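**Q** Read off the chains here:
There are 2 protein chains.
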Amino acid sequence: MTPQRVTLITLGVRDLPRSRAFYEAMGWRPTRPQDGVVFYQMHGAVLALFGLSDLAEDQGRAGAALGTGAMTLAQNFTTEADVDAAYEAALRAGASGLKAPRKVFWGGYSGYYADPDGHVWEVAMNPFWPLSADGSLTLPEGE
Amino acid sequence: MTPQRVTLITLGVRDLPRSRAFYEAMGWRPTRPQDGVVFYQMHGAVLALFGLSDLAEDQGRAGAALGTGAMTLAQNFTTEADVDAAYEAALRAGASGLKAPRKVFWGGYSGYYADPDGHVWEVAMNPFWPLSADGSLTLPEGE
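The listed protein sequences correspond, in order, to chains A and B.
Going by the working numbering, the letters in the first sequence line up with residues 8 to 150, in that order.
Going by the working numbering, the letters in the second sequence line up with residues 8 to 150, in that order.
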């Protein structure tokens, strides 16, 4: 049994200063600088940037070619305009656009971009998923 | 500018029932069943399982080979015994062990396993990072 939680998300990156500059341009502010790793406090969890080869070694498989794309991170917003603004901010910061935000079959509005290492972010508005005041997401009863 | 938050983590999976059974065996309980997607409520965010090819299509690149490993999810615990128990539970549920938990250079205790699709989870105890009562992680001041 493991608890139903994630406390830390780590992105393996090829060039730590480049990635840090990208997230800085997105408005993210790291905690106190540390050697070889960058931490961002989120609500109840932390996002980390860590060297890609360091990450492979830490996983016990030094030299492995680690892939991206099959795990995505989403930011939910309350309006389509907020989704558009976040997507445009990402492109200005140097993200690669994968799919410009658009209405999608499940009734919401969603787009995708990739960060400098190909880590995939979704920006979305789901009319059935109201966000809490602090920006966190708790699914409605019955969902 | 984007908010410093992740509200949804999506894992692309090759076989949704198999993945659902894996997370079920780990003790995770999904929300109301839906077609083609499984949601787990976490603290303030949601984890989703979604078909790998559906995810590629949703990202606007149908047919793309999406990779795993360069983005990892961690569960922090308060004791080494809790880390060991979570790691062993994962192996019993069918995870592939990558690195059995051990003391690591930064002063903590950490192991890694991969879920049936190669999504990488870390289980760790960091003595410098106390967890909140609800299991969430807020970095100490000055970190």
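Treat the hints with care, since some could be wrong.
As the list claims (entries may be wrong) - Incomplete in silico selection of chain B near chain A, CB under 7 Å: (1) P10; (2) G19; (3) P37; (4) G67; (5) G70; (6) M78; (7) T85; (8) T86; (9) A96; (10) L98; (11) S103; (12) Y116.
Calculated directly from the structure, the hints in this document are not laboratory data.
Remember, predicted model here, so these are calculated numbers, not experimental data.
Virtual Cβ for every residue (Gly too), placed ideally from N, Cα, C.
**Q** Hint by hint, say whether it matches the structure.
**A** Here's how the hints hold up against the structure:
no., hint, in the structure
1, P10, "6 Å, holds"
2, G19, "4 Å, holds"
3, P37, "10 Å, violated"
4, G67, "3 Å, holds"
5, G70, "12 Å, violated"
6, M78, "5 Å, holds"
7, T85, "11 Å, violated"
8, T86, "13 Å, violated"
9, A96, "6 Å, holds"
10, L98, "12 Å, violated"
11, S103, "11 Å, violated"
12, Y116, "13 Å, violated"
Against the hints set out earlier in the document, violations occur for numbers 3, 5, 7, 8, 10, 11 and 12.
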